[in-house]
Amino acid sequence: MSTTAPTRSARFVTDAFEPKNWIIALTVLVGWHVDRIAGIGWGLLGALFAAVLPIRFIKFGMRRGRWADRHVGVKQHRLIVMTFIIASVATGIALMATLGAPRAMVALIVSMLTTLAALMAITTKWKISVHAAVSSGAVVLLTLTYGPWMLLLYPLVALVGWSRIALKDHTPAQVAAGALLGAAVAAATFLLIR
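Just so you know, we're using this note's numbering here: the sequence shown kicks off at 6 and counts up by one.
In short, the hints are calculated from the structure, not lab data.
Take these hints with a grain of salt, some might be off.
Stated by the list, open to error - Pair ranges (Cβ atoms, derived):
#1 Ala43 x Thr129: 18 to 24 Å
#2 Leu196 x Thr103: 29 to 35 Å
#3 Leu104 x Leu185: 21 to 27 Å
#4 Ala73 x Gly152: 38 to 44 Å
#5 Thr12 x Trp37: 35 to 41 Å
#6 Trp37 x Thr9: 36 to 42 Å
C-beta atoms are modelled at their ideal positions from N, C-alpha and C, and glycine is treated no differently.
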């Protein structure tokens, strides 16, 4: 086995389970549970503002040479991206509320906003893992929606954490903190609002 095989595996996991993918899956799955086909529509609207527009902004910045990759590792760049994402998600929440989205769907997107705000506050001082926060928060929100059996997805959170550490993008402490914060803030917000 070559010395680059673990790095290739870690890169694959990081890319396959990046925040955008968790957010899209989460919004669609919660949407289905809340209101079947109409709920999927609400979920896709939420995902547009929480995942699609943010990744388009990140890719635009990459093309302009503002940041090196879609994981945006430099703290100052992360803060710019997070500010854009907060504005995008807040716009999505306002639109969903105005259009009469089910309360649980609005609660879901608000939980993403509060988690992102907490991550941004910490990022000003320390590089907490957004990958770990989003994956952990997603599993907890799916558990609150579908039941405890969704906790069987938690090994994916550990796998994401391993990939971030293996790529030397984060320390174990940054990954653990991200996972704990993502789960706690997302769950508390969702339970409070829904």
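Here is what the structure says about each hint:
no.	hint	verdict
1	Ala43 x Thr129: 18 to 24 Å	violated, 39 Å
2	Leu196 x Thr103: 29 to 35 Å	violated, 24 Å
3	Leu104 x Leu185: 21 to 27 Å	violated, 34 Å
4	Ala73 x Gly152: 38 to 44 Å	holds, 41 Å
5	Thr12 x Trp37: 35 to 41 Å	holds, 36 Å
6	Trp37 x Thr9: 36 to 42 Å	holds, 39 Å
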